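Sequences listed follow chains A and B, in order.
Under this note's numbering, the first residue of the first sequence is numbered 1, with each subsequent residue one higher.
Under this note's numbering, the first residue of the second sequence is numbered 1, with each subsequent residue one higher.
No wet-lab data here; the hints were simulated from the structure.
Since the structure is predicted, the reported quantities are computational estimates derived from the model, not experimental observations.
Relax, there's no trap hidden among the hints.
Derived EDC-like pairs (lysine to aspartate or glutamate); straight-line CA-CA distance at most 20 Å: (1) LYS557(B) to ASP68(A); (2) LYS559(B) to GLU23(A); (3) LYS229(A) to GLU140(A).
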Amino acid sequence: MTVHLYLSLIPEALIASMLSPEEFGAYYAVGTQKKSRGQAIFFEIDPKFRSDFFHIREGMKRCIPHEDGLPKASIYISVYRVLENIPMEAIQCMYLTTQDGRTLGLDKSTQFPEEAGGLHLYREVSPVSPLVVSSLGPKEFYELIVKNPISLVKLPAVCFTELRLDNLADDPQNGEVGDLPYKNVEHLRSCLISLKNKSAMTKMVDRMPCNSIPFRTVKNGFFVGNQKKMLFFPLPDEKELVNKNYQWWRSATM
Amino acid sequence: MTNIWLLVGIGSGIISLGTALYLYYWVMRQDAGSKRAQEVASWIKEGAASYLKRLYTALTLVAVVLGLIIAIVFSFDLNQLGTGSMDIQPSNGLIMAAAFVFGSVSSAVAGFLGMSIAVQANVRSAIAVSDSINKGFRVAFYAGAVMGLAMVGLAVVGMCTIYYLTGDPGVVLGFSFGASTLALLAKAGGGIYTKTADIAADLVGKIEVGIPEDDPRNPAVVADNVGDNVGDVAGMGADIFDSYVASTVAAMLLGAAMTGPDSLKYTIFPMILCILGIYASLIGIQFVRVGKNGKPGKALNFGTVITCIIFGAMITVLVLAGGYDLSTLWSTLVGLIVGVVVGFTTEYFTSEEYKPVKETARVSDSGAAITIITGFSYGLLSIIPSVIGVVIATLVSFYVSEASGVVSGIYGIGISAVGMLAISGMIVSSDAYGPIVDNARGIAEMAGMDHSVIEKADVLDSAGNTAKAITKGFAISAAALTVLALFAAYSEIIEAHGISIEISLRSPMVIAGVFLGAMAPPIFSALTMLSVTHNAFDMIKEIRRQFKEEPGILAGKVKPDYTTCVSLAAEGALSSLVLPAFLAVILPLLVGFVLGPDALGGFLGGAIFTGVIFALLMSNAGGLWDNAKKFIETGKFGGVGSEAHKASVVGDTVGDPFKDTAGPSLNTLITVMSLVSSLFAPVIAAFHIF
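Next up, chain A with everything else stripped away, as it sits in the complex:
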């Protein structure tokens, strides 16, 4: 059986597993006898990747089938500072698993989304997970928090996604409210308005939002980057998801 290497983002962990990405996602989301539950977001890492920071060889060696022949579901190699210690080149596919265990695979793209202007709402996935509004586009936002910070706050690496603001992106004061990933709309409006009025480029909306990410409100995909490089994993549009990944889409829009 093939041994896969996965980088889980919630919680951050490096895991060796004999399960395929779809099986691993279902195992992670709906659990087995260990009763773990919840949405999963993870990357498949090049199985040849090795690093002095992790005991990957040891982990892979321990990842053997159970006595009854069933594949080993998980061997945790590390649960701390994982993302920052994995080079972008080792990251292969990204997988989004819904709370009921449906998994969607995303391929990386060389093309980044075009900057549409207006204000933005970002949900950081790992290593920290605040909800932030910003006047910066995704690339500038990544540069600000990872590469060239203008404040003392700096992340060694980050994975984040842009969530849809719809009409509030251009008209935070009066824009019609659509499907937002944040309950307190008036607070969100005031945060967005403050971006327009002040010189700050980002503003924290929620320090500790709900642990799961509303996939249905993801604007265009997921970004992951470190000091050297940023990758983009585009999410297919709704039409394509409905036609090609109906089960996942149904669960994601719950």
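Here the structure of chain A is known, so what remains is to put chain B in place on it, guided by the hints.
Same frame as chain A, but now just chain B:
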């Protein structure tokens, strides 16, 4: 001539039954799909069969006990009450008991046929819709027509046969009582079953575990789909069967109460209306077609309108050529028109194309409380068109009939109710279509069919929801007119036994009766809705147990135990029926025997008024909340998963037992209470404490 009409009636009923049988086999010849689709459908079929077996076993017991009571009571010559002597004629009791059992069995057979075809048609409709919407629609609608035509066929055969054999409309009243008793139990039981399963499946499946609707991993998904059939096919079919028969019997009794040579002619006139209604429905059904790009909802409405026009033309010819007084024509037409108009105005309050639903959806982003308040308020407003419709039908038919000098005003009201229900064949066909396409969508989802099939099934399902809402408005208004006629029949029977009845609000007995009667529908609603919450609680525990003890269920590796949830829903529904059934049958008798005939008159008045108001409010508010949620799910106000959606889900969950359990059972409740009062009126006239 009377006998000829009765034989024509029996023949017409048989034609209706024959057509239903032909459509049954037509549906059965359609493609039943892949092994997986058939497997999913078989779960629903087995669940439905197991519920029906339990229901009919319980009903047999009820029918035997009530039949025995009726046989004993009606063995005494009730005309001699108060004379000091009392002859015993067991044959009279046996005839009445036989009519009662015949009514129960006919209603049960109609429900059974409807259920049998519905659980076969659901998978065939799902397969047919993958070809085209038109094909899927035809399978589902013709399957619905099996129920509609079987129902009117059995009712007309039953009524005509009994009247042909006995010549006494009082015995047909026994047939009606049998049908209504079964209808009450089938409707309330089906309503409790369907919402128990629906709420439990949603609360654990969607909210706790996060799996979508109709997901085969949910242990309650089969019970949920079975519930659609037992509530909306067997339940609603039995409900309209009971109103259909009760309205005809009430008008017959009022015709028989008239003096003069034409009494017999006007006694069987209601049955002639039913006969014409059968043919109008048979023709109207042919017009229900969806073109290549047609809309199913429009096709159903068009069929209803065409049936009305055909029936209107037939009745005009009958009245003019048959020498009936013109007032009967106006009474029939006003009933027919008001019935259809009320049905369609119900759509205003429950369809997502109009303000009430849109407004309720719009305010939902302010939270569930505002959703509930808005929906409830529109539900209250929704009683206006129906009540005004009933008022218009009552006044027009009464005064036109009184002015004729040929028939009584109250007879006109009875005819108006029959006019409203005469096209029940078509109405029930449209109504039964709803749960079939709802199931078809569920099967498509569970069997993992292509998304394009599910999208097309959604189009059929949406039309089914509107048809259901229209039928409910229609059924409640018809029941209101029916019970008004039964109310008058009750007074006639009491007076026929030499007791003058004075239903005046100046009488303390009448006021006591009015209050007690007004209390009955709210209590009945509470009992049935509490049954839903109680049973849902038990099922929630079972679903949680299965997910907890067998993690493979959620992983999709182990099939859940559907049977336990189906059994829990069935057992819970049937055991919950005891108290509401007791209330319906015993309470009017208690009031009559203790407080006397005047108080019972007041009791029926109170029950009718609050019953109609509660039934309209709950059915329409529930439908409105449901469609407000569906409107948001189309992407409006944030779409699925938004805060507005969450609030609308709460509204929908509150509305579920409103619209599918308590609301639609209330019209059957007031019909049963009116029938039991009329049936036992001679005994009450002789034996009462005050």
